[in-house]
Amino acid sequence: MTKVDAILSRAQAASGSFPASGPALIHVTWDSSPDLEQFLGFISAYCKGRFSTSLAERVTLTSTELLDNAVRYGSLARDFTYRLAIEGGYVTVSMQNTTVPARIEMLSAQLRRLESAPEQVYAAELERSMGPSSGRRSMLGLARIRHEAEMRIDLQTEANDVIIRAQCKR
Amino acid sequence: MSNISQVELPTLASFELVITPPSSVAMRGTIAIPDPGLLLGGCFRRLHEASLADGLRELSVDVRQLTFVNSSAIRLFVDWSSWVAVAGPQGYLLRFRTDRRITWQRTSFAVLQSLGGKSIALDAE
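In the order they appear, the protein sequences are chains A and B. Just add 2 to wherever you are in the first sequence, counting from 1, and you've got this note's numbering. Just add 114 to wherever you are in the second sequence, counting from 1, and you've got this note's numbering.
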């Protein structure tokens, strides 16, 4: 992938089966602005080859929306790290990027709201999308991950970085 | 010649839009670019205006082969639904043909229909 350092775990790729836990299946870092369509093609093809149709669709949606969010709201518009892993019978997708404390606080509040009523928040975010596009700063991407992809979402911080993890049963 | 047949088609490698006059549109592929509104928003708007100018009672938009869209692209459909809702009785029925096996279509269009009221119809296969 252009501008992308993609490292597939060769041992897992060769084995054709997932361990219960272990290193990332895919670990991608970007030091410049990612090509979202290229990433979609890559992750979609990978997931179709590895997961059931339904799970592949969910992981692809989650991966794409997390990267889109990082590009849109990350403070540097670069330095993104994507990770896909199988951990203890769960598929985990995570995205790490640099951000500002205010953004982390806002994300935490949004996730709490989303966790309490995923479907209602999803519908509300769609409704909020109506009207002029200027100034929109919605959480539709996260709402899709929670409601459409049915992933649990949590948030961690490391110094100036935020790590959003989305997880579902394999 | 109908107005809708003269709408200029967008150029996006992963996405194809086909207009079949007098009242059908089909979309195929994926939309994952960061700001799809810049490339596609104008086309959607022109399709809406052409449908009004042609006096259509109904426009069918087939998205069954549109397998993935990002959240920014979903907003394009939200916008279109809101334009039709605003047009009211002088407007047309916007009928989306969807595939319920595709998650984004199943979840998004159900909500859109509830937001758009009588202006939106859904044929989910």
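A portion of the hints provided could be inaccurate.
[Claimed, not checked] DEER-style ranges, computed between Cβ atoms:
{"id": "1", "chain 1": "B", "residue 1": "Gly202", "chain 2": "A", "residue 2": "Arg115", "range": "44 to 54 Å"}
{"id": "2", "chain 1": "A", "residue 1": "Lys50", "chain 2": "B", "residue 2": "Thr125", "range": "38 to 48 Å"}
{"id": "3", "chain 1": "A", "residue 1": "Ala47", "chain 2": "B", "residue 2": "Met115", "range": "26 to 36 Å"}
{"id": "4", "chain 1": "B", "residue 1": "Ala238", "chain 2": "A", "residue 2": "Pro103", "range": "36 to 46 Å"}
[What the hints assert, rightly or not] Derived coverage of chain B by chain A (criterion: at least 3 residues anywhere in the stretch with Cβ under 8 Å from a Cβ of chain A; other residues may be distant):
{"id": "5", "stretch": "162-172"}
{"id": "6", "stretch": "182-191"}
{"id": "7", "stretch": "201-209"}
{"id": "8", "stretch": "225-231"}
[Claimed, not checked] Which chain B residues stay away from chain A? Per the calculated CB distances, all over 12 Å, these:
{"id": "9", "residue": "Leu126"}
{"id": "10", "residue": "Ala127"}
{"id": "11", "residue": "Ser128"}
{"id": "12", "residue": "Ala140"}
{"id": "13", "residue": "Met141"}
{"id": "14", "residue": "Arg178"}
{"id": "15", "residue": "Gln179"}
{"id": "16", "residue": "Ser195"}
{"id": "17", "residue": "Ala235"}
{"id": "18", "residue": "Asp237"}
{"id": "19", "residue": "Ala238"}
{"id": "20", "residue": "Glu239"}
Read the hints as simulated data drawn from the structure, not as lab findings. We put the CB at the ideal spot given by N, CA and C, even for glycine.
Failing hints, ascending? 1, 2, 3, 5, 7, 9, 10, 11 and 16
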